[in-house]
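Student: Using the sequences and the hints given, assemble the complete structure.
Chains as they are written, first to last, in the UniProt record's numbering: chain D, 1 to 71; chain B, 1 to 648.
Keep in mind that the hints were calculated from the coordinates and are not lab data. One or more of the hints may lead you astray.
[Unchecked claim] Think about it this way: if two alpha-carbon atoms lie no more than 25 Å apart in a straight line, the pair counts; the simulated SDA-like pairs of lysine to any residue are:
| no. | chain 1 | residue 1 | chain 2 | residue 2 |
| --- | --- | --- | --- | --- |
| 1 | B | Lys198 | B | His109 |
| 2 | B | Lys198 | D | Glu36 |
| 3 | D | Lys65 | B | Tyr67 |
| 4 | D | Lys25 | D | Tyr13 |
[What the hints assert, rightly or not] Stretch by stretch, here's where chain B covers chain D in the computed footprint (C-beta under 8 Å, at least three residues):
| no. | segment |
| --- | --- |
| 5 | 14 to 26 |
| 6 | 37 to 49 |
| 7 | 53 to 60 |
Remember, predicted model here, so these are calculated numbers, not experimental data. Glycine included, every Cβ here is placed at the ideal spot set by N, Cα and C.
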Amino acid sequence: MVLTKAKIGQTLYVKHIEGKDKIKKFLLTLGCYEGEKITLISILAGNYVVNIKDSRYAIDKNMAKAIVVEG
Amino acid sequence: MKIPLTGNPNAGKTTVFNTLTGQTASVGNWSGVTVAERVGTLRKKYHGTDHDVTIVDLPGAYSLSPYSGEEKITRDYILDESPDVIINIVDGANLERSLFFATQLLELHVPVVIAINKSDMVKRRKNTIDLTTLSKVLNSRVVLLTATAQMGIQALMTEAIALGTAKEPLTAPQLTETHTDTTRQIFVDDIIRQSLVKETASSQVTLSDNIDRWIAHKWLGVPIFLLIMWLIFWFSIEGLGGYVSAYFNDVLFGEMVPHTANRLLESLGVHPTLQAVIVDGAIGGVGAVIGFLPLIMLLFFCLSLLEDCGYMARVAVVMDRFFKKIGLSGKSIIPMIVGSGCSIPGVMATRTIEDINERRMTTILTPFIPCGAKLPIIALFASVFFPGSTWVAPSVYMLAILMIILGGLLLKKIFVWEATSPFIMELPAYKVPSLRHATTQMLVKAKAFIYKATTIILVCNTLVWFTQGYSWRLTPVEDQSLSMLAGIGTVVSPILIPLGFVGWQLAAAAITGFIAKENVVATFAVLVSAGSTQALHLPGGALNQLFTPVTAFAFLAFNLFTPPCFAAIGAMNAEMESRSWLWKGLAFQLGIGYMLALVITQVGTLLIYGKPAPGFIPAIAITIFAIALVLATIQKADNQRNVIENAM
Numbered sequence: 001m002v003l004t005k006a007k008i009g010q011t012l013y014v015k016h017i018e019g020k021d022k023i024k025k026f027l028l029t030l031g032c033y034e035g036e037k038i039t040l041i042s043i044l045a046g047n048y049v050v051n052i053k054d055s056r057y058a059i060d061k062n063m064a065k066a067i068v069v070e071g
Numbered sequence: 001m002k003i004p005l006t007g008n009p010n011a012g013k014t015t016v017f018n019t020l021t022g023q024t025a026s027v028g029n030w031s032g033v034t035v036a037e038r039v040g041t042l043r044k045k046y047h048g049t050d051h052d053v054t055i056v057d058l059p060g061a062y063s064l065s066p067y068s069g070e071e072k073i074t075r076d077y078i079l080d081e082s083p084d085v086i087i088n089i090v091d092g093a094n095l096e097r098s099l100f101f102a103t104q105l106l107e108l109h110v111p112v113v114i115a116i117n118k119s120d121m122v123k124r125r126k127n128t129i130d131l132t133t134l135s136k137v138l139n140s141r142v143v144l145l146t147a148t149a150q151m152g153i154q155a156l157m158t159e160a161i162a163l164g165t166a167k168e169p170l171t172a173p174q175l176t177e178t179h180t181d182t183t184r185q186i187f188v189d190d191i192i193r194q195s196l197v198k199e200t201a202s203s204q205v206t207l208s209d210n211i212d213r214w215i216a217h218k219w220l221g222v223p224i225f226l227l228i229m230w231l232i233f234w235f236s237i238e239g240l241g242g243y244v245s246a247y248f249n250d251v252l253f254g255e256m257v258p259h260t261a262n263r264l265l266e267s268l269g270v271h272p273t274l275q276a277v278i279v280d281g282a283i284g285g286v287g288a289v290i291g292f293l294p295l296i297m298l299l300f301f302c303l304s305l306l307e308d309c310g311y312m313a314r315v316a317v318v319m320d321r322f323f324k325k326i327g328l329s330g331k332s333i334i335p336m337i338v339g340s341g342c343s344i345p346g347v348m349a350t351r352t353i354e355d356i357n358e359r360r361m362t363t364i365l366t367p368f369i370p371c372g373a374k375l376p377i378i379a380l381f382a383s384v385f386f387p388g389s390t391w392v393a394p395s396v397y398m399l400a401i402l403m404i405i406l407g408g409l410l411l412k413k414i415f416v417w418e419a420t421s422p423f424i425m426e427l428p429a430y431k432v433p434s435l436r437h438a439t440t441q442m443l444v445k446a447k448a449f450i451y452k453a454t455t456i457i458l459v460c461n462t463l464v465w466f467t468q469g470y471s472w473r474l475t476p477v478e479d480q481s482l483s484m485l486a487g488i489g490t491v492v493s494p495i496l497i498p499l500g501f502v503g504w505q506l507a508a509a510a511i512t513g514f515i516a517k518e519n520v521v522a523t524f525a526v527l528v529s530a531g532s533t534q535a536l537h538l539p540g541g542a543l544n545q546l547f548t549p550v551t552a553f554a555f556l557a558f559n560l561f562t563p564p565c566f567a568a569i570g571a572m573n574a575e576m577e578s579r580s581w582l583w584k585g586l587a588f589q590l591g592i593g594y595m596l597a598l599v600i601t602q603v604g605t606l607l608i609y610g611k612p613a614p615g616f617i618p619a620i621a622i623t624i625f626a627i628a629l630v631l632a633t634i635q636k637a638d639n640q641r642n643v644i645e646n647a648m
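Tutor: Right, dumping it as structure tokens:
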């Protein structure tokens, strides 16, 4: 499923990321890549707040849809 | 010896830089505060010997493959400037992510010292970092830092200088193989397993998360943002700032300074003309500007607290939805908030926006937010034409926000481009803002303001004083309207008539305003003090001969929305990366400022005084022309969009 379908507080694993190579590469440097844990912390003003490694990021809905996760 | 500071955004590089060099660069709690390289000399107490050590503060980067403009600056510096030692500042609370960049640096065959910053936060989270193991697997020196408390700085520099002197690049054996990004992440994972013991999972809900639920709430987010900004501007312009500034204007620069100066110059037997140049020209004009110093100091004090606490990233999150509608993203709000202090760093902050078109749009719109230099104009006009009102200053900012939205919508219509860049913003944990840093920033900005007032504004003023008092034949004139300045102003003034600005004085003030916005106030001070005995800033003062309250508000708007000062235009030029875009941007700003002033004057005068303002007929003609021009441009853009669509 995509990240937008996750429940708040749920920790999942990144299956793959869709979209342009540049953004994929950027996410990878942040630690968001296949097999990594990602936790949905909350949804704020239409943005998805996620925990990747030890940091919080807010990402917009389109980007959240591009992150495919599995339980 | 050249030592750059590198590391992830918001790791604390600039805080370390300030400690090492004694400089007072602005720090903040969000990613992308530093967007340009900054050079300083290491203070003697940190090197002990007579080494000549240069410290270079670089923008934060997540890796050596840049994603946005400021990361590229860092990559280019590290690869092209052959540093002697690299200090890699690692955010201890984000060890895992930071090591990705750190291992890339270790492969460059340049000695690297790894400084784990925010060690206090590591301890508070009950995590333990095994320094010995970390140092062994990375085969490099590792030191602990708490930069905000200046702990570990000495040890860091001792290590760095020792490495720089030895000139022996340390290469970790494990790092000699070539890594792909993925194998590097796996390698880093392995290091973390060996060297970091975590007591609490970072995915647990924290205090910052709970605060965010309110601060960045779907509906409450925007009102909270507007309230915070309103409070800051009210406090600095009308609250405490207005109070202290009134004392400065009335007593200090209204009576004490000019009287003392006059008495002193008379006792010295100075020539009356020279005395007039000094007292009316220099002190009068510069004093009128410096009188507003308290406003600027308090504004920067408040902005510094705001930037330091971690709120900026949240505003970006809150505003993203709305900015998407005008083709921008939430990131565009940060340059605008920074720009409320000064447009130059504001425009430079657009560098963190990855998409070039989004960056250009933000660069055009950022100067719409009134900068600190425009505060004196706002405060002067508010106190003369709207005494006792508390709505003028905040309303100017509301107008600015409205113009950004309208301007953004218009830009989206007239320029053909696709907004595609995704929005991603790191949310740092909130922290208590440093009062010490805010005070330092306030004093630094005060010093810069006084410097500007006593150099460029002083020169402009003396020139204004001279040109308003002398004719082209260089003989003194009794009647100001026969002066050189009146002559120059008269050439420009016809184009301002449709805005209801009648008189060469207004044209003169608008022109000097392009050099520095404070000049508008200074120019009026000189023109008024030479022509009348009434004080400039008092209600019902001499400015009433030139304006009605309606045209005064229009003149305020004209000065706020037309292109910024020359220095900010220079910054715009750098960020636009294209001369033709700069001209388009300036034409757009000029058009918006001009039309806005025109509408305020003509509609306002008609509504409030029930009669048309001067220049009513030409104003209508110009409006029709402007509408036709905008419609034609939109039509052209639409055609271009169709062509692109058909081609796809």
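Student: None of the hints should be skipped; say for each whether it holds.
Tutor: Okay, the hints, checked on the actual structure:
1. Of the pairs offered as hints, the one joining B:Lys198 and B:His109 is violated, with about 32 Å between alpha carbons and a cut-off of 25 Å exceeded.
2. For a cut-off of 25 Å, the pair hint linking B:Lys198 to D:Glu36 stands: about 17 Å separates their Cα positions.
3. For the given pair, D:Lys65 sits about 21 Å from B:Tyr67 by alpha-carbon distance, which is consistent with the 25 Å threshold.
4. Our distance criterion of 25 Å between C-alpha atoms is met by D:Lys25 and D:Tyr13, whose separation comes to about 18 Å.
5. With 5 residues having a beta carbon nearer than 8 Å to a beta carbon of chain B, the segment 14 to 26 of chain D meets the requirement of three or more and the stated coverage holds.
6. Given as covered by chain B, the segment 37 to 49 of chain D passes the check, having 9 residues with a CB less than 8 Å from a CB of that chain where 3 are the minimum.
7. For the segment 53 to 60 of chain D, the stated coverage by chain B is satisfied: 8 residues place a CB nearer than 8 Å to a CB of that chain, which reaches the threshold of 3.
The earlier numbered hint that this structure contradicts is number 1, and it is the only one.
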